[in-house]
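Novice: Each chain, letter by letter, is given below.
Protein chains: 2
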Amino acid sequence: MGSSVKIGIITIGNELLSGFTIDRNSAWIGQRLLEIGLKVHVKKTIADDADMITKSLDELSQDCNHIIITGGLGPTLDDITVKTLYEYFGDSPVFDEEYWKELEKRFKAINMKVPTLNRNQAHKGDKVKMIDNSFGTARGMHFEKDGSNYFALPGVPKEMEGMILSYILPHLEKKLTSKVHCETIRTTGLPESILQEKIVDLIESKNCDVAFLPHRMLGVDIRLTTSNHQSLLDLKDQIVNRISKYVYGFNNDTIEKIVADKLKEQNLTVATAESCTAGMLSAKLTNLSGSSQYFNGGVVCYSNALKRDVVGVDSDLLDKHGAVSEEVASELASKIAKKLKSDIGIGITGIAGPKGGTEKKPVGLIFVGIFYKNNVYIKQYNLTPNRKINRQLTVVLCLNELRKLLEKN
Amino acid sequence: MGSSVKIGIITIGNELLSGFTIDRNSAWIGQRLLEIGLKVHVKKTIADDADMITKSLDELSQDCNHIIITGGLGPTLDDITVKTLYEYFGDSPVFDEEYWKELEKRFKAINMKVPTLNRNQAHKGDKVKMIDNSFGTARGMHFEKDGSNYFALPGVPKEMEGMILSYILPHLEKKLTSKVHCETIRTTGLPESILQEKIVDLIESKNCDVAFLPHRMLGVDIRLTTSNHQSLLDLKDQIVNRISKYVYGFNNDTIEKIVADKLKEQNLTVATAESCTAGMLSAKLTNLSGSSQYFNGGVVCYSNALKRDVVGVDSDLLDKHGAVSEEVASELASKIAKKLKSDIGIGITGIAGPKGGTEKKPVGLIFVGIFYKNNVYIKQYNLTPNRKINRQLTVVLCLNELRKLLEKN
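Protein chains in written order, with the working numbering: chain A, 722 to 1130; chain B, 722 to 1130.
None of these hints come from the bench; they were simulated from the model.
All of these numbers come straight from a predicted model, not from anything done at the bench.
Mixed in with the good hints, there may be bad ones.
If several chains are the same, the list does not tell them apart, and a pair holds so long as it fits within one copy or across any two.
[Claimed, not checked] In silico EDC-like links for lysine to aspartate or glutamate, alpha-carbon gap of 20 Å or less: (1) K1109 with D974; (2) K1082 with D930; (3) K1076 with D982; (4) K895 with D867; (5) K1109 with E882; (6) K1109 with E977; (7) K760 with E736.
This is chain A alone, in the form it adopts within the complex (with noise of 0.2 Å):
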C-alpha cells in the first residue's frame, strides 16, 4: 500500500537528546502518515550540529525519498541547520526582499517593527521551494535531490503541524498509487484481546488493514485503512453493529467531547459527587469551553463526614455498607442531583489505592452511580493495584456509561 514513498525523520535538538522535551513531534508526524497510508521508515535524534546533520541526510537518503526534518529553524545569526542545509544541497541564499515586505507588513498589523534578527528567516537560494508558515516567520523548506525530497520544518509544533498539513501531505498524496482511506473506531471497556475475539471473524473476511491501538488502560482504537472505500465502510458498520456497547465515538472524538455534545443537544445539567477520583471527572467534564452550559458543579467528598454532611447520604447507609459501597454510590448520585438541581447525578466511591484494601474491598474496587430520570444506574469496577490508572479509568468509564444512557434515551 502507498506505493514506493519511504518516510524519514530526523528531529534536531539538544533537548530532544536530553530528554527535557519529549519528542511529540514526530509522534503527531506519523499519525498523519499513516493516516494517508503510509509508515515511518526511521526516526533520528541528533544535536544541532553540522557533522551530524550531514551525515544523517547521508544515511537517511540510503534508504528513504522522502526526509522530513524538523527543528532547528530560529531566527538566530548561528542557526546551523538552515546554513548546513543550502551546503548540503549545493544552494546560496540571498535577500529575499519580498519575504521581508511580507513580514514588515504582518508585524505592521500588529503595531510592531519587524526585528532585526528576523532578517535572517527572509533569504532563500535557487534551488529551495519555500513553505509558508501560517503561525510564525521562519519559513520551512523543500529541496529535491536525486529523485528524493528533503522537507526542513520548524520544531515548533503548531508552526510545523501547519506545514505538514498544508503542504507535506498533499505533495505525498500526489505520490499515492492509490488513494488510502482509514477510519477509527475509538472503544472503551474492553481490553484489546477481547475486542480482537469479538470480531476477528469480521476482520478476516475483509480486505483490509486493522490495527487494534490501546491507549494504555483507557480504550482501545480499532484503526481500519484500506484503499477500497466501500469495504471500509462496510466492515466499519459491521463492527460498530457487533460491539456498539463499546464504541464512544471515531478518528478524532474525545469521549468528553462526545458526552457534552449529547448533554446539550437533550439540554441536560450534570452534577458530580467524587469520593475517590476527588474533582478529575469534574475536571474532565469542563475540558472545553462553553461547559457551564452542562454542568453545574460537584462536591469532592474524600471524608465520610463530607458525604454525610454536605452530600446528604444517610450515616446508617455509611455505618451499614461502608463508604465503598453500591448503595453509597446510589446515594451520592441521587443526592447530588437534587442537591446542585440537576438531571443528572453522578456518584463515585471506591479504594483507589495503592492501600487502603482489604479482602473483601479490594485496592481496585470502585462503584459508579448514575441518577437519570428518577433511576440509578449502578456499575461495579475491579481495576487494578495503580492508584493513577484507577483514577484515571474511573473517569474513562464513567463517562462511557454516561454515554450509553444519553444514547438510549
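Based on these hints, arrange chain B on the given structure of chain A.
Specialist: Okay, now just chain B, sitting in the frame of chain A:
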C-alpha cells in the same frame, strides 16, 4: 566532562514510528544520564526488523562506545531483536536451566505455572551478561565488542528503568574520569528569562554548568552540574537565597508532594472551592496515597448558584463584584474552610477562556484566595489566552502560594 563515554540509543517498535506510542523511554534515559553528567549523542527509532537492527548497530557503533537498545524483548517465539543480537555478536543461546528454575520459583510463589512461552526467555549465550529484571521475566543483555558496550533492555518502562538504575548507571559511573555532581532547583512563578536575569551574576562567577529547563509554563528547573561538589553546594545556596520565593523543591520533588509533606508535618487539613479549575486542584492534592490525612474535600462551584447555596458566598458580593473577583475568591476560601471544618480553605475563581472574557475582566484573569489562621491571602494572576494552560498553571501557582504560607508559619 564525563570522560570519553559516548552514548547512542536505539528504540525498537512499530508503534513508536507510527506515533501511537510516544517515546518517553529514551527521554527518561536521557535525564538519568544527564544527572551523572553524560549526554546522549544520537537516538534512532526503527521497526522490529533484523536488517534495520543490524544496520543501526553498525552505524551507531561508528560514533558511540555505549549503545542502549530498548524494546523488542517480549516472550514471543519470533522475537527478532534477541535473535538478531545473538547473531550480530556471534553468540548462540542455549537453554538456561538455572534461570528457568528461578522463573518456576517466582511463578510458584503466586500459585502459577510458568507459561511455556517464557521458555524463550530462559536462554543465554556465553558472550552475554544477563541483566536482572526485578519487574518482569525478560532479562536484559549486555554484550561487549571491540571495546564498545551494548545493552538491550525491554521496552516496558518499569523494567527498563530498573535495569538502567541497577546496572547501566553503575557501569557508566565507573567509566567516568571524575565524579559529576548534579542538583536541580525547581522553581515556579517566574519565566525563564527573568529567572536568568536575577541570577546571571551568580552563575558567571562559578565553574559550574547551569541549564534552565522550562516545563511549558508551569515552572523552570535550574540544573547545576559540576565535578566540584563544594562549588555546587555553594552556588545552590546562593541561588536559593536569591530567589527563595520561587523555589518549591529540589531534584525529583513535586509541588504536591512538598505541600503534602508540610501539611502532614504541621497536622493541617485543607478544603477547596474551585470554580474555573473545576476539581483539578483537588485531583492534584489527592494524587498521593494517604491524602485523606490532609485533604477533607471540596466543592466544584462552577455556577453562581453553587457558590451561594453550597459554599455560602454572600449573594450581594456576587452581584456587586461578580464571580471573578478578589472578594469572591476570599469568601470561597474562608467559607469552604468553615463548612468543611478545615484549617485551610482555598478558593479559585477566574476566566479560563477561550471565551467569556470582557475588557475589564479578560480571559486569563484568575483570583486565588487562601484562608489560614483567620487571614485570607489573595493572589491575582493575569495568565494566557489558553484554557488548558490557564487551568494547569493556576493549580501550580496556587500550590506554590500554599507552600510559601506553610513555610512562613
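Novice: Next, verify each hint and record whether it holds.
Specialist: Hint by hint, here is what the structure shows:
no.	hint	result
1	K1109 with D974	between (23 Å within a copy, 18 Å between copies)
2	K1082 with D930	neither (43 Å within a copy, 52 Å between copies)
3	K1076 with D982	between (37 Å within a copy, 18 Å between copies)
4	K895 with D867	within (19 Å within a copy, 47 Å between copies)
5	K1109 with E882	between (30 Å within a copy, 19 Å between copies)
6	K1109 with E977	both (19 Å within a copy, 15 Å between copies)
7	K760 with E736	between (26 Å within a copy, 10 Å between copies)
Taken one by one, the earlier hints fail for this structure only at number 2.
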